[in-house]
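Peer 1: Start from the sequences and build out the full structure, keeping to the hints where you can.
Chain order of the listed sequences is A and B.
Residue numbers for the first sequence follow the working numbering, beginning at 11 and rising by one.
Residue numbers for the second sequence follow the working numbering, beginning at 207 and rising by one.
One should not assume that every hint holds.
[Unchecked claim] Stretches of chain B that chain A covers, calculated by requiring three or more beta carbons in the stretch to come under 8 Å of a beta carbon on chain A:
#1 239-246
#2 341-350
#3 425-438
Hints were generated in silico from the structure; no laboratory data involved.
A virtual CB, placed ideally from N, CA and C, is assigned to each residue, including glycine.
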Amino acid sequence: MPTVLERARTAAAHSPSRLRSLGALTVAGLLLLGLVGGVTIDNRATAARDLATRSEPLSLDAQELYRSLADADATAASGFLSGGVEPAELRKRYDADIARAMASLSHATEVGGADAAGFAEVARNIPVYTGLVETARTNNRQGQPVGAAYLREASGLMQNSMLPAVNRGYRAQNARAAADADAASAFPWWLVLVTLLVGAGLFVGQRDLARRTRRILNHGLVAATLAAALALGWAVVGLGAESVHLSTARSDGLDQVNVLSEIRLLALQARADESLTLVARGTGKSFEERFQQTTAKLSGSGGLFAKAKRTAPDDAARGLVTRAEESHQAWLRAHVKVRELDDSGDYPGAVRVAIGSDPTSAAAAFTQLDTGLDTAIKESQTTFARYAAKARGAVGGAGIGFGLLCALGAAAAAWGVGQRLKEYR
Amino acid sequence: MKKSFVLVALVLGLAGCSVSAPGATPLPSPVPPRPVGVVEGPAAVPSPVAPGAVPECDPRASLRPDGPLPAPGQMPAGSSMRRIQDRGRLIVGVDQNAFLFGYRNPATGQLEGFDVEMLRAVAQAIFGDPNAITYKVITQAQRIPVITSGEVDIVANTMTITCGRLQQVHFTTVYYEDGQQVMVQKGSGIKGPEDLGGKRVCASKGTTSIAELAVLPAKPVLVAVDNWTDCLVMLQQGQIDAISTDAGILAGLVAQDPNTEIVGKAFTEEPHGMAISKSNPDLVRFVNALLEKTKANGEWAASYRRWLETRMGPQPPPPAKYLP
Chain A
11 MPTVLERART
21 AAAHSPSRLR
31 SLGALTVAGL
41 LLLGLVGGVT
51 IDNRATAARD
61 LATRSEPLSL
71 DAQELYRSLA
81 DADATAASGF
91 LSGGVEPAEL
101 RKRYDADIAR
111 AMASLSHATE
121 VGGADAAGFA
131 EVARNIPVYT
141 GLVETARTNN
151 RQGQPVGAAY
161 LREASGLMQN
171 SMLPAVNRGY
181 RAQNARAAAD
191 ADAASAFPWW
201 LVLVTLLVGA
211 GLFVGQRDLA
221 RRTRRILNHG
231 LVAATLAAAL
241 ALGWAVVGLG
251 AESVHLSTAR
261 SDGLDQVNVL
271 SEIRLLALQA
281 RADESLTLVA
291 RGTGKSFEER
301 FQQTTAKLSG
311 SGGLFAKAKR
321 TAPDDAARGL
331 VTRAEESHQA
341 WLRAHVKVRE
351 LDDSGDYPGA
361 VRVAIGSDPT
371 SAAAAFTQLD
381 TGLDTAIKES
391 QTTFARYAAK
401 ARGAVGGAGI
411 GFGLLCALGA
421 AAAAWGVGQR
431 LKEYR
Chain B
207 MKKSFVLVAL
217 VLGLAGCSVS
227 APGATPLPSP
237 VPPRPVGVVE
247 GPAAVPSPVA
257 PGAVPECDPR
267 ASLRPDGPLP
277 APGQMPAGSS
287 MRRIQDRGRL
297 IVGVDQNAFL
307 FGYRNPATGQ
317 LEGFDVEMLR
327 AVAQAIFGDP
337 NAITYKVITQ
347 AQRIPVITSG
357 EVDIVANTMT
367 ITCGRLQQVH
377 FTTVYYEDGQ
387 QVMVQKGSGI
397 KGPEDLGGKR
407 VCASKGTTSI
417 AELAVLPAKP
427 VLVAVDNWTD
437 CLVMLQQGQI
447 DAISTDAGIL
457 AGLVAQDPNT
467 EIVGKAFTEE
477 PHGMAISKSN
487 PDLVRFVNAL
497 LEKTKANGEW
507 AASYRRWLET
517 RMGPQPPPPA
527 KYLP
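Peer 2: Here is the structure:
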């Protein structure tokens with residue numbers, strides 16, 4: 011019984027059928043190339059778009075939500091420390107924080123993040139939290155110590171349930187952004203494989219045809235080869251540019267945003283701990299210990315400020331980090347003063363340095379640090395957005411173009427082989 | 207045949223729609239916020255003291271003063287008071303959540319109350335300056351640990367003198383007599399400790415109050431918190447049915463919410479004393495001499511009037527009792 015291979019050999023021995031299979035194989039190969047290439051390029055374009063318009067903005071939403079909520083809690087604690095009716099500026103800051111938190115939350119919920127359940131939990135708890143803070147305020151204004159208990163309950167809700175939920179959402183969103191970035195710059199193995207196969211096929215086919223028909227060139231096949239080469243050229247240039255831009259967007263933008271955000275969240279945590287040490291009044295050792303641990307993570311040669319300076323893409327960005335680090339140092343000096351005063355028994359003096367409006371106060375230095383980090387993060391975000399847009403532009407429409415060129419090539423190949431086949435009739 | 211099949215299918219389909227359409231997404235059940243550190247049920251019950259572990263004693267009897275008070279700023283050499291004088295500040299442990307006794311005045315940020323005033327008198331006697339104090343705010347559960355660790359010189363924090371506690375710290379003579387009662391929302395139907403069976407009752411951790419609730423025949427469900435005001439928050443939020451502790455502390459809570467009331471008679475005796483380390487008996491004698499003086503010269507009565515009399519009724523200064 012003849013095997014499939016033997017039958018194919020017999021068929022190939024006769025020129026017309028050999029030509030027919032050559033034509034069919036070439037057309038199929040080009041169509042396959044068009045499909046694989048088109049899908050590959052389109053997938054990468056989609057991933058680049060998702061990264062720029064969905065996963066990265068959402069991760070920023072989550073970061074902004076965390077910052078607003080943590081700042082609201084730290085501000086409420088400062089207001090409590092100030093005694094009596096809290097200063098108007100603290101009230102304003104708290105209100106702005108809540109408004110910003112709601113805006114980021116509703117945007118994140120609209121787009122639908124990686125951790126919808128976590129965001130829903132936060133959404134449920136924000137009105138509960140603000141309700142508790144208002145109850146605390148009402149009682150404080152009436153001179154009733156139960157106000158402090160409401161504030162503790164509110165802060166407990168924030169620290170133990172809401173912020174961890176936002177943090178989970180933030181990490182999930184960051185992971186998705188990284189996955190999108192990976193997908194958008196993944197090496198196109200399938201495309202390379204199919205290209206090699208089809209290229210080899212076209213070469214062998216044309217050589218074979220040339221030998222058998224004693225004509226050097228077949229116009230159809232030449233056109234098909236040119237179309238495929240053009241498509242591949244477009245793909246190499248587009249995908250290459252996309253990879254380069256994306257890699258810049260990551261190294262100069264995204265990575266910097268991430269390290270700066272981490273600094274900002276740690277600074278917020280430390281600020282809350284500074285206030286809580288004073289609120290706990292003498293029994294707040296655990297808060298002060300955490301403050302010191304956080305500070306250790308930020309400063310020094312292995313700290314996050316040093317890392318941010320190392321990864322800064324240019325002098326301007328490095329300057330922003332350096333200025334933020336100087337504000338951090340000023341804050342640490344004020345913090346030492348707060349601790350000295352409190353430990354020596356001058357509690358009102360310690361509170362003044364911690365939350366007062368004096369330019370050397372911890373509050374002023376912290377505000378400066380927070381504003382400086384905000385500017386630096388926004389700069390890095392702009393860099394990211396710029397390169398991400400370039401990356402999208404590099405592969406925009408390339409998927410469909412690639413597919414169309416390959417289809418044209420297939421048509422040309424079919425026509426060219428058809429011309430030869432006619433000669434046998 | 208075919209028609210009726212279509213009809214049946216249609217009816218079934220419609221029935222399916224009308225059942226599944228409304229209320230497709232279940233409403234999330236609200237989770238009430240709770241004070242940080244709240245513990246309830248069996249976990250809130252303090253470990254019982256083995257019978258015979260604590261010897262019988264007279265909790266009210268303290269160390270007798272040895273002679274008259276030295277003049278402020280001239281503490282005898284080598285004494286604990288001298289060590290404090292040289293340090294420049296008296297370090298004390300107080301509550302900041304017990305209205306009337308030790309609380310942070312939200313309007314000023316200052317610590318105030320009957321207990322705080324007792325300590326200011328001690329600073330006055332040592333330095334001639336009632337403000338030479340460093341306050342450490344502590345919860346009830348921290349009262350004995352901060353004394354035994356030497357972190358503070360004196361604790362005045364609504365602390366009942368008991369024979370068990372006398373094993374670990376010294377107490378001064380009694381500066382306030384109280385008894386445990388029950389506080390509820392008005393119209394709750396609870397008339398006293400006998401009605402607390404199965405009810406959720408709140409008290410601060412590490413107090414005699416929670417220990418007494420644990421052995422109450424009515425068997426309430428215990429809810430233990432870090433601070434007394436946490437109990438009031440939970441009562442206002444409907445998470446507990448009652449609060450039970452010394453009447454003075456309850457009066458401070460009722461003063462913050464006119465919709466609450468104290469019910470039933472006092473079912474325990476709670477003599478309050480200041481706690482001092484076992485290694486500073488001279489400081490105990492010194493403070494006892496000072497208490498004797500303030501009870502005699504009307505200073506104690508003035509403090510009592512300022513903080514407690516309108517809510518607790520008139521009370522004479524508790525008499526001093528000394529160990530033989």
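Peer 1: State the violated hints by number, sorted upward, taking the hints as numbered earlier in the document.
Peer 2: Per hint list: zero violations.
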